[in-house]
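We have chain A already, so just place chains B and C on it with the hints.
Line order of the protein sequences matches chains A, B and C.
Under the working numbering, the final residue of the first sequence carries the number 235; numbering is consecutive throughout.
Under the working numbering, the final residue of the second sequence carries the number 319; numbering is consecutive throughout.
Under the working numbering, the final residue of the third sequence carries the number 226; numbering is consecutive throughout.
Keep in mind that the hints were calculated from the coordinates and are not lab data.
Which chain A residues stay away from chain C? Per the calculated CB distances, all over 10 angstroms, these:
1. Leu20
2. Val95
3. Thr211
Okay, the calculated bits of chain C under chain B, using three or more residues with CB under 8 angstroms as the criterion:
4. 23-33
5. 91-98
All C-beta atoms, glycine included, are put in the ideal place defined by N, C-alpha and C.
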Amino acid sequence: MNRYEGAAAVAVALMLLAAGAIFLYAPTDALQGPVQRIFYLHVSSAVAAYGCFAVVLVGGIIYLRNESPAADRFARAGALVGVVFTSVTLVMGMLWAKPIWGVYWTWDARLTSTLVLWIIYAGYLLVRRLAEPGRQAARIAAIVGIFGFVDVPVVHFSVTWWRTQHPGPIVVNDALPAEMLATFLFTLGCTLVLAATLIAIRYRIETLIDARQAIAEPTKLVAAPQPGAAP
Amino acid sequence: MSIIVGNGLAHRFGNELALEGVDLVVDAGEHIAVLGDNGAGKTTLLRILATALRPTAGRLQIAGLDAFRERRRLRHYLGYVAHAPGLYPALSAAENLQFFCDLQDVSRSRVEQVLDEVGLTSVAYRRSDQLSRGMQQRLAIARAILHEPRLLILDEPDASLGSDAADLLMRVMKDKTVVLATHDHALANRLCQRTLVLRRGRSVGTATRLRVVR
Amino acid sequence: MNPLRVVLAVARKDLRSEWRTRELVPALAQFIILALLIGNFGFQIDSRNASTIAPGILWLALVFAGLVAFGRTFAAEREQASLEAMLMTPASPVAIFAGKALAAGALLVMCEAVLLPALSILFGTPFSGDVVAAVLLATVGMAALGVLFAAIVARVRARELLLPLLTLPLWIPFVIAGGVAVQSAMGLPGNYQQAIGLLLDFDILFIVLTSLAARFVLDE
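Bound-form chain A, shown alone (with noise of 0.2 angstroms):
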């Protein structure tokens, strides 16, 4: 079992004893039911999802900066697998929406920023798949990072002022009992794991990528003639 085989076994097993403090040890909720429990999994992915793009922006700016392989490697392996928590997030924002309000979907700050998250990120693989290999395609999606992890704030911001202009139902949010905050911790904490681990397979198999395409050694002319040397 390599290193890779490891890690990917330990996260899965985390992931498990996560989903073990989930449905066991955390307590119903009173008011929403059974149903609760997505939120543990739905916020830890949207942590999770956040983080994988930070690692996108910060392996977007250093390779514009430096042109760096290794950089532009994490930033597509943290695009991958925050696209993955991203839809996780929204799935399951929408599972648990169904039954709390009636419906799949509300116009909130933060579910519409979740979306345009996605859409951002979901643009920036596309355009790593249809630009031309390499370095342009490595500044061009540099550049899309960046606007789209500043875009994210903006929105939700715009949303939730948005929000303030229109009269409409306030969602109160109470404290969270002490397991309840633990469980959430806890499924943070294996989720954070989870991705990290998703990472670092990724940029291995990036990695793998990359030298499939890199330039073979130029192999030496026979005989070319210097210039300038006598004819």
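Structure of chains B and C alone, referenced to chain A:
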């Protein structure tokens, strides 16, 4: 001193290798012709020399400076005629040149001088999409010399020019260092002292004009 | 090297080319009128709901017109290989970018000169300086972003698909703030001053960011 020193220049487009391991040294005042069939890598090499394209491998020095890092400084120094003319169709010949004067902080009086040099004074105010292909080519050449560069990189400048191509080019190339890509061996022999032959992205060798036999 | 000279030269060149060919502005103006017509039938607009729905139609029309207008700024350059010729000069890529954004923004403003009166005439909504100010402020930021991303996708496959995908998420804040501004200018609830303030903030933020990004996007 050597104006151009290129070592191991290579360029890869995606998975395709367009240029591999090309070495090139050009001294001040030399005129070098780059010959080769279509697809041999002439345009790629010239774009690299003009600092329009960054090679995926290899080193390039122009006028003693690292060509890529100092490319903004080198732009004053070199003039490039690309494969495609790259003109603005709705603008007249003079307006095209005036625009490039503004971009390069060159006095607009150069427009008249340069039009005269390439023989386009009579059509200065005609829209460039109404110029013949040969005139468009002359206009592209005119644009390349607006800022009086010391080094000229010309990609098939003779392509649409008529029988007086050699005269025009000789005038333009006088007292400058030039790298010229062409299909026309006779023209290459007439204008240049040395040739570099490319085949499938690799240099097959350089020779003085006496040794190019086709 | 005077960057302002470059900015104005590039803007003048783009606007002059558009004036000589007269392709974009008439087409966009027609598109805008059609959008208004479709909006009318799609939303069943009458005198009671006009003020509520009209701002939405305004922004929809503007966004799509913007995508077309900005998409074209680099399409022509690409066709003529002239972008490379511009970049081969010592002119700073930021100045070139600013010139193109200025020209593209001006073209969109010309379309707005059609859109806003038409909206007012067709839907009976008030046409005030407040509405114009909001739309103009939003146009500035949208132009900077639109032109930057048009430059990004210019050398990529499937650019017609990618441009909206990349640009629209960045335009959302402008549409949100602009929507509230226009609505409140038309008499509906909403804080106009705050909305304008936000538009200004977004403009500043994205003008700074796009200027920093321009040299990475335009230069090889």
